[in-house]
Structure formats: C-alpha cells, structure tokens
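If you're matching them up, the sequences are chains A, B and C in order.
Here the first sequence is numbered in the numbering used here, starting from 1 and rising by one per residue.
Here the second sequence is numbered in the numbering used here, starting from 276 and rising by one per residue.
Here the third sequence is numbered in the numbering used here, starting from 513 and rising by one per residue.
Check before you lean on any hint, since a few could be wrong.
[To be verified] Derived contacts from chain C toward chain A, CB cut-off under 7 Å, selection only:
#: 1; residue: S600
#: 2; residue: L609
#: 3; residue: K710
[Claimed, not checked] A few chain B positions that, by computed beta-carbon distances, are all more than 10 Å from chain C:
#: 4; residue: R285
#: 5; residue: G293
#: 6; residue: P299
#: 7; residue: L302
#: 8; residue: E307
#: 9; residue: P315
#: 10; residue: R393
#: 11; residue: G439
#: 12; residue: M442
#: 13; residue: R443
#: 14; residue: H464
#: 15; residue: R483
#: 16; residue: G496
Just so you know, the hints here were simulated from the structure itself, not pulled from any lab data.
Since this is a predicted model, take the numbers as computed values, not measurements.
Every residue, glycine too, gets a C-beta built ideally from N, C-alpha and C.
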Amino acid sequence: MTRMLACLTALMLAAGAAAADEMRMAVTTSFHNSGLAEILLPEIKADLGLDVHILVVGTGQALRLGRAGDVDAILVHSRAAEETFVAEGYGTHRREIMYNDFVLVGPGDDPAGVAGAGGIADALARVAGARAVFVSRGDDSGTHRRELSLWQIAGIDPQAADPAWYRAAGAGMGATLNVAAGMGAYVLSDRASWLNFGNRDGLAVLFQGDPALFNQYAYLPVDPARHAHVRHDLAVQLETWLVSDKAQAMIGAYEIGGERLFVPNATADGVPKEG
Amino acid sequence: MSAILPLTVRGATLRRRGATLVGPVDLDIAGEGVTIVMGPNGAGKTSLLRLLHGLARPAAGRIDWACPPADALAAQAFVFQTPVVLRRNVRDNIAYPLILRGALKSEARRRAEGWAERVGLGEAVDRAAADLSGGEKQKLALARALIREPQLLFLDEPTANLDGRSMREIETILARTLAEGTRIMMATHNIGQARRLASEVIFLYRGRVHERNRAGAFFAGPETPEAQAFIKGDIVE
Amino acid sequence: MGEIWQGLAAAFWLLVGFDADLVEITLRSLQVTLTAVVIACALAMPLGTWLAIQRFRFRRHVIALLNALMGLPPVVVGLVVYLMLSRSGPFGALNILFTPTAMIVAQVIIVTPLVASITHQAMRELWTEYHDLLISMGASKRQRMATLIWDARRALLTAALAGFGRAIGEVGAVMIVGGNIDHVSRILTTAIALETSKGNFALALGLGFVLIALAIAVNFAVHGLGRTEREGRW
Chain A
1 MTRMLACLTA
11 LMLAAGAAAA
21 DEMRMAVTTS
31 FHNSGLAEIL
41 LPEIKADLGL
51 DVHILVVGTG
61 QALRLGRAGD
71 VDAILVHSRA
81 AEETFVAEGY
91 GTHRREIMYN
101 DFVLVGPGDD
111 PAGVAGAGGI
121 ADALARVAGA
131 RAVFVSRGDD
141 SGTHRRELSL
151 WQIAGIDPQA
161 ADPAWYRAAG
171 AGMGATLNVA
181 AGMGAYVLSD
191 RASWLNFGNR
201 DGLAVLFQGD
211 PALFNQYAYL
221 PVDPARHAHV
231 RHDLAVQLET
241 WLVSDKAQAM
251 IGAYEIGGER
261 LFVPNATADG
271 VPKEG
Chain B
276 MSAILPLTVR
286 GATLRRRGAT
296 LVGPVDLDIA
306 GEGVTIVMGP
316 NGAGKTSLLR
326 LLHGLARPAA
336 GRIDWACPPA
346 DALAAQAFVF
356 QTPVVLRRNV
366 RDNIAYPLIL
376 RGALKSEARR
386 RAEGWAERVG
396 LGEAVDRAAA
406 DLSGGEKQKL
416 ALARALIREP
426 QLLFLDEPTA
436 NLDGRSMREI
446 ETILARTLAE
456 GTRIMMATHN
466 IGQARRLASE
476 VIFLYRGRVH
486 ERNRAGAFFA
496 GPETPEAQAF
506 IKGDIVE
Chain C
513 MGEIWQGLAA
523 AFWLLVGFDA
533 DLVEITLRSL
543 QVTLTAVVIA
553 CALAMPLGTW
563 LAIQRFRFRR
573 HVIALLNALM
583 GLPPVVVGLV
593 VYLMLSRSGP
603 FGALNILFTP
613 TAMIVAQVII
623 VTPLVASITH
633 QAMRELWTEY
643 HDLLISMGAS
653 KRQRMATLIW
663 DARRALLTAA
673 LAGFGRAIGE
683 VGAVMIVGGN
693 IDHVSRILTT
703 AIALETSKGN
713 FALALGLGFV
723 LIALAIAVNF
733 AVHGLGRTER
743 EGRW
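Chain A with its partners taken away, still in its complex shape (with noise of 0.2 Å):
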C-alpha cells in the first residue's frame, strides 16, 4: 500500500517538473485569441530552444500572477498599470513590443449612427445618447481599461449608466463578443479577436482609426530582486528575440484575412517613441 502510494506521488510530481529552458509567461486574452503566438513560439523555440508557456488571462489576472512570483514575464497592454508595476518594484521595466488597435463594433443597422461620428469620444456619446446596448469586457483587462477610459474622454461615466443599455459582462473578448452577437449591441473589440471571431451574427466595425484606439502591447520581465526563482536570464533571452529586426518582421507581416493586425514599433534602446 505504501509502495503504491510513493509510486503515485513520484508520477504526480514527475508530472510537474520544470524542464532546464523553459519560462511561463503571462499573456492577454486579447493577444492569444489574436494568433500570433501560434506564429511565433515555434520561432522561438528554433531560435533559442526555449520552450514558453503562454498563459492566457485577463490584464488583472497577468499582473496578479506578475506580483506573485508565479509567471517569469507578462504581455499585456496598460500602460498605466504597467508602469504602476514596474514602479511598485514587481517588474524591472516596460518594453514596448507592437501595437494594433481597437475597434467599435456593432449591429449591422447602426441605431445609434457611431459610423458617422468624428472621433471615439464622438461615437460613444452617440452610443449613450441613443441609450443603444453596449456590452463591456468588465473584467478589469486591458481592453476594459481602455473602454473606462474612452468614456471618460467622452464625458460620460459608465459606472452610473442605466443597466438597460450598458451591460458588464465580467468575461474575456470571445466570450463578450458572443454576449453582443446575441444581443445585437455595441462593443469594444481589439480587432485581433474581432477577426478571429467566428461568431458574427449581424455585428460588423462601425468606427474605427481614431489614435485613442490604439493598443500598446508592452513586456514585463518580473524582477528577480523580488522573487529570485524566477528565470530571469530566459526573460532577457525572449525579450531581446522580440524585438530583434527577425521577430519584428514577423509581427508586421502576420494578417487575418489579408488585414494586417499589428504594428511592430520596438526600439533598439527600449525608450518608447513619443506620439
């Protein structure tokens, strides 16, 4: 009985033992569902031998696992959080990778008329003032970030909307998308998952192009001050291959149906260009 059970925790355990090269790091919904990763882990594992494990989760839950020591490096996309991590002393900096952008997606018929408006700020107010439902992340992700803080530009705080018409659906991209496919609403979408989603149902991108869609993505080496287990040599490894001229290129080439999705914009000395 004993043997039995030595045995069965020796498999357990082997079950979950860490190879010599590899790193987790802590990825967006938003990114994954774009696809990308799928182009380039293979590359990566080319090139350096280094086997990454992607998990997929909110902003919040990335920056969670960021502060517990629990994942070696995040990719996400909030500046202000971001920054707010590196300053608390979690990560050692913000790299700045690529950036695509968001995109205001609604019903085909256009009820509150955003397709005609002259700026993000513009068209949501229009969405607010036609009382038309919009349905948001209300995840605290990135993309929930962003939302927030477009309706501030407009003017308008959802935290007091009426429920009739702003709905939270505390959910990740895919799932909100299937939530305003269904009800014929309004959404904010990264336009890497609006491409990738399956589920349409009537809904297509009533406004898009505005500056304040677009959408950073940044890597964040966790510091290994703080937590010293973790593999901060195969972090510096991946980020130094993420911005190489090779991955780079990699990521300005990579399209959904013949769209491109993202824009490559790292720089050699890792200060972001301002603008």
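Start from chain A and add chains B and C according to the hints.
Same frame as chain A, now just chains B and C:
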C-alpha cells in the same frame, strides 16, 4: 484453548432508553448439554443471549467467564434468528471466520467445503450466499459458527422463520454438535422444539429468570403459574 | 441548432482524423482525472467506512460537514489551491503550479468528499446488517473495514464512477491551477472553455462530444471489467 466455562453472571442488566430489557439476572452456566431459554415474546430471551455473548453491554452487573474476555469471545459463536450472509459465495462465507483468524485461504476454503458437506450444502459451495433459501442460509450460518469449533454456541430462535424440513435438518445438526461436546444455549418459543432438545430449561418472564430446572422436571410440571400457562399454550402477558 | 450538428461533425472528424492535439489533451484529461479519482478513493473509502463504524463525540457533525463539502464550488477550490501553490504562497517551493500535478491536487480535493459521502451512506446500511455478525466473530476494526469495503464493492464502484464524472467535466479549478497551457496543462474541458471564449462554437462542441464519448467509454470499460449486470445479484 482454555475453558470458558463456568460462566458466572451476577446482577446483569440490559437497559435501553431507560427501559430494562432483561435483568437483573443471576446465572451459572457450566457442564454439558443444551440450555433452552424459553418465554413469551418480549420476555428478554434475545436480550439475554446478546448480553451473555457480548453483543450488548450490561448497564449493571457482571458477566465473568473462566478466562479473559477476548479468549472467551473466540470460543463462542452466535446464530441469529435472521441469518446474515456476506456478499460472497457459500464457501467463502463459511471460511470467513478462519480467514479472520489468519488461516491460509486455501486451507480455510478446504475446511469450509467440509463443513458445507456436513450441513448439506455441499453442492452449493460456489453459489452466491444471497441466493440461498431461508433454510439454507441458516444452515450456512450454523456451519460458519461451528467451523470455529466453539465451546459455547448461542442460537436465537434459529428455526422461527423456517419450514418443517429445514427445522428438522437443523435440529439434527445441533444434536450432532451436542454429541461432539459443544455447550449449547438456545432461545426458542417453540415448545415442541424445546422438549426435543433441552437438557435444562430457563424460563424467562418479564426480563427475569422466573424458573430454571432440568428439562424432564420442567416439562413434567413447571412450578410457576406463568410457566404452566406458557406450556399449555395460553397467552402469557 | 445548426451549430450542434456542426459540433457533431467536428467531433466526428476530430476522432476519425486522430488529431494529434486532440489525442494529447484527451490523454492528459484521462491522466489527470484517473489519478485524482484513484487518490480520492484511497482517501475517501477508508474514511467513509471508518465514519460508519466508529462512534465518537462529534460524529454527526463530521458527517454533516462531509455531506456539505460535496457542494464545494470547484472554482473556489481552484482559487484556494492556487493561493497555496503560488510562489508567493506557503507551498510555492514545490513548484507544481500550472502543471497537471496541481490539477490533480485540486481535483482530489473536489472529489474526495463526494466519494466519502457515498461510501459512508453505503457502509452505514451494510454495517447495520453486519454489525452483530462481525462483532460476534471477533473481527478487529481493520478487519471490519476490510470486510465492509469488499462486500460493498458494487456501491463503491458507483461512488468511484460518480467521482470520475465530477472530475472529468470539471473546468473551474483546473483552469486556475493548471493555466490551460498548451502542451502542458491543457485538457478537454479547458480547451472547450478556450474555444468557446474565442467564439469557435463548432469546435468547442466537437470537443464536448469527445468528452462525453470518453466518459461513456470509461464507464462501459469499468462495468465490463467489473462484470456488473451480468451475474445474478452481486
């Protein structure tokens, strides 16, 4: 194995929920033969046997065997009114007490088959015990009890639910057991059965030993009115 | 409705094509769940049996608590296990977070109360029946438990299968403690959750049907091996 008799019982009482089921009882059990415990329903026959065997703890009094209690239990066996069979075949049921004692499986099974033959279940050893008839189950229970070679065998109305043929078969086995030297203590309310088997009779009434006598003397003429009424077949309250 | 047919078709093509990824996550699902169920049974069955035969002061309360634990929300278990296994947590040094091992731990916690409860109920009834006989035979506590467990084997098999059913379909806990990492900790249920969140309903349904087929296959196999429903009674 050391002798467990004589058994000395002083003031033994069994209570449940405040009510006295049997007792206080003073008894000395020794020697050979069949002690039949008789009495109307509710007199405490089952309670007395369970008390003596150790299935119930006395609320008061003492039950003293001639050897330590653990040894005493190992030298006794009990056959219940409704036979309890384990969810195995007949052979493994009978072999069970030997397995408990640490016997080798093959040895235990061999001896179980011997006992199955002796009680007339030889053909049925591979059948699931649960598939047996009531009479067959009780014979199995007997074999399972006797394979332990007990010095004292308790039986609580073993044939109360059985047909005549089963009753006779079981009484035959009991007679043989007695002849082999096992002391038997049996509860029954079947007067004819008592007459057939008893060496002595204990008549219980309302939880007390009302009368005790050798069988011949008792059946010739019980002393107490309750026992007399019982023998006649009258209702005894 | 159309998507359900699409799902069935997707399941069919996945199975027929022996898609490598599908085989991998299916085997991992089985590995995690079967290991968890075996461990849970090893813990729960003696526990449930012991509770049935041992009298002690707060027994009724313990039994009530055990029954209540059956309703533990898996996602809460997952959260607590994550906090325990996190590098910032008490057992972080074990380094098993985001691996199948952590998933097994979470599932053991979820399944054990269920199996223990069913075991206990079956044992109570059996013990009532066997009580006098086993005491009369001088069986030790260990022997009593062993006899009860063997004789109640059909009911215990049901308990184990109930535990299996609970575990194989569980997604909340394993998602949190496993991380749904591709090629490491992704199993059928977490893959279904991911595909659903991406809006790939047909694929998600296909995986779902594979999961159902897997559960049915395991049940058939167990019943076949145990030769239940074939013999007369036991």
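Which numbered conditions among the earlier hints are violated in the structure presented, ordered from lowest to highest? none
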